[in-house]
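Got chain P sorted already, so can you dock chain X onto it with the hints?
Protein sequences appear in the order of chains P and X.
With my numbering as the guide, the letters of the first sequence map in order to residues 1 to 179.
With my numbering as the guide, the letters of the second sequence map in order to residues 1 to 789.
The reader is advised that the hints may include incorrect statements.
[Said to hold, decoys possible] A short, non-exhaustive set of chain X residues, derived as facing chain P with CB atoms under 7 Å:
(1) Val16
(2) Lys26
(3) Asp30
(4) Pro238
No wet-lab data here; the hints were simulated from the structure.
This structure is a prediction, so every number in the text was calculated from the model and none was measured.
Ideal Cβ positions, reconstructed from N, Cα and C, are used throughout, including at glycine.
As a plain string of letters, each chain reads:
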Amino acid sequence: MDRFRKAKLAAKASQGDTQAFSELYGEIYKQLYFYALSNLRSSEDAADAVQDAVLDAFSEIAKLKKASAFDSWMFKILSSKIKQKQKEYAERAAELWDINESAAIIKESCSFEQCEILEEFAALSENERLCITLNSIAGYRCSEISEITGIKASTVRTYISRGRLKMRAKLNLNCKEVT
Amino acid sequence: MRRRNITNRLEKKNKVPERLAPQKIKDMLDELSMVKPVIGNERQSEIKLNSNRGGILKSLAIAAVFVLAIGGLAVFKFGGEKAVKTHPKTPTPQVADTEGLTGLRGGSYRSLYNFLSDSEDEEYQYSPIDDMYAYMPDGDMSEGDDSVAEMFRSVFENYNVCAAADTDNVFDPSQKIVCGTETIQDQESVLIQQNGASAFAASYTDIYAYKMQGEQTARVDYDFWSQTFLMNTLADDPIFEEKKHTFKAYIVNTCLFDNKLAVAFDFHLPEEYNDIILMNEYCGFCIYDVSDIDNISLVYEYEQPGYLASLKLTEQGKLIMLSQLDEADKATEYCRYSEGYPDFLPSTYENGEEVPISEDKIYIANKSEQGVLCMVSAFDCSDSAEKTGSLTVTASVNNGYALTDSELILAEYYVDEDINGNYVEQKDTTHVMKITFDGEVRISAASYLSRSQENTQSNIISILSDFEAVNGYYYLVDSSKVLILDRDLKYVSSYLYDIDKLPSDFYDPAYISTNTLISGTKAYTYDLISRDNGFIVEKCVLITDLADPKDPKETYINDPKDAPVIYTADKTSLGGKAAAGVDSIYNAEDKSTTMQLAVYSTDPSDSKVITYKGIDFDETGTSIAGKEFKCKELGEINRTDVAEFKEVDNVTEYFDTQCYADVQNNMIYIPVYKTEREIEEISANETLSADPESLIEYTDESNKIKYKKLIGSSYQVSVIAIRYDPKTLETELLGRSSALKGYNALGDESNPRYTGTLFLNGKLYTFTDAGMSCSSIKDLSKVLYSDTF
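The following block holds chain P by itself, in its conformation from the complex (with noise of 0.2 Å):
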């Protein structure tokens, strides 16, 4: 989608246009959701969160300054989103035993090496986590992550390269890439 285009439906939206709402928010649905599901327990609670995030922004929308900033916004949105689902998480994990991050992100099915690697994953620092995500699921540039989180870009890089460091070294990972 070209920048006049979503300038347009932008403004659209502010005004209510749910049709152009729907329109900005179709281009990055699945990069919204896949970023929720990798820090999330189900396919359901990033559902839930990614629907939540949608109508706070809906509601909002008229306070976004620049349609460029759209998706970043959203994120950030949706970033808070997952914050208060994991602090759930862990509140409910601290009434049975010992506040655990990484039961926070362990999800409810998941193979052995799938409960390795994200036991790792679960171990890198938040923002480590979550640059990982954001470039590693939903494939967005040290530039757009800098947006989203308000990290300055070179510690963004910073952190997916110490990160994916971290998890190969522990995992013993011979691939180039860690997803």
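Below, chain X without anything else, positioned relative to chain P:
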């Protein structure tokens, strides 16, 4: 494309829930906006009254609770089972149709990957530097060579930095105007032609607009890059920030047409492939509506991979863009291909929208010397610009190409080898293909030409140097051979002159440079004439009429006076069939250099030379028309003088042998340069790397041997203006502009940087970064010639 690739891969294993589909989301939002009760599954209960969402959702939630309270029951399921509208998917062909195109096959991403990765030259070692950049060292450089790393780093560090930092030191930027040519062709001047009330100037990296109001010019406050996707998005890559460099797009050329300004540029985009960075070559152009100089607007923008080989504006108002991507095979080293859109194939961008290269528009040659891609795109600029077609083919422009308004001929020459890798002469071939732009961009013909066809040596084209399409035939010239093909590029005939029959009594045998060019159906074989009346020309010695390809008719020219002139070196087009050339003659007796200007017709059947023996330049700088132009000999330093530390006048002026033309105003400009030489002391160690010719050895007072080195710098200081009659080709010297002093941002005097010259309404405007001078043509000979030299 990386994003799409990842998404496609993930979607195969994780289906996106139906309720997130855009239509479903729209329905959800529609339902909410109509305040329908939203009792449903437990997820709906998550719309909490105490949420922080403002506006419509709060009121909707309240309404929902109200409905609940009343006891009504309504069900609305988010993500229900009702049918979702989907766009019908038209099946797209995955492979291009290559029926009848000899030597080509329809490509897919997979086959293109195989082709490019197989094309990698085994001599080159692709080794990353610092785990960051991929580079291609020379054959004997080893991995981890620090000096190579430093070299590459310095190349990258300097590449995107604007070379002329003094663009920030402009003394008076409001008065810069330049003149130029009408069409964009290859690497012509970046000067832009004024269109009457407005003018546009281009440096390597910036464009400036001016409102022309006689001698009062005003610069228009408009940033040509500000609205572009190029600068706002593509340039915003963290790699530049990380390396503390500035992204730069280098302007290749510009032109004005139909109240529009087109600006073509080259740039690089870094792309990360598994932690290795490759700098992808890109080119592009922007079209601006300049009908109202006070309200310039960007109307179209396009970028595609490859460096710009040609951007042609046709008479039908189309733009044809030809680029060559040299680096795709290197990218395959780092990004293995499995499925989806390939990472090694950069996308195009049209008005900011990423458009992948379509698989069904990829053509792969059956054989190629190198893994190089050519991309051809066509645009209709008659109204608002739009792309009408594009294709990508594994071919190169390195062996020459011919581009007309309707066709592009690419010729790729192959040296064939046997199974032992030995060169086999008889197997040399040329692969020619024709790309047409009638409606869509397509390859309409392709053919192999082999040396073994018939019995002449002229059945292959190694370097396509000239081309004509006449009477149903294509005439391709390879420096001396003429190959005649039919419209399907099938071999018809060939012609090569007999060198033993060429008249030898009026050309210098020391200059063996016989060449052939084609004009219409006639081939003109020409040779160098030595110092004919003091002017170096190339004259035709043989004319061959090839109207009937099977029956060439030869005419030999025996008298030089009857020979048409073909001056091909460094000529400047004057539009149509006229050109100008500047040359210098060195007189060994008085060590003077004479400048000569020739204005001539490029139609060999009607060529004549007008030689202008130009202005007389003496040390005072005054101008006397009609005499030979002489300037001081370039820098012959008396070494004895230097050894005795005498002051030596090292300042000389010379003119360039490349002139430029203002076709609209029938003007020719010849830049005049000033060179200054200085002598600086260097250490004995430094002499090891210095040019021996520039070294001066002397003995100091303590009888120690020391060294000095000559260094020189040249810069343009003036321009000679000549007007020509396009009909008679007669020339008239108008005069020479004055030089101006320049100052840098610190207020120190610096050499003014010339940005151009413009002849308008009887006045000659000369511009440098020091300001503008405006001279009346009538009084040009009296223009103040600066005595600042």
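The hints, checked one at a time:
no. : hint   : in the structure
1   : Val16  : holds, 5 Å
2   : Lys26  : holds, 4 Å
3   : Asp30  : holds, 5 Å
4   : Pro238 : holds, 3 Å
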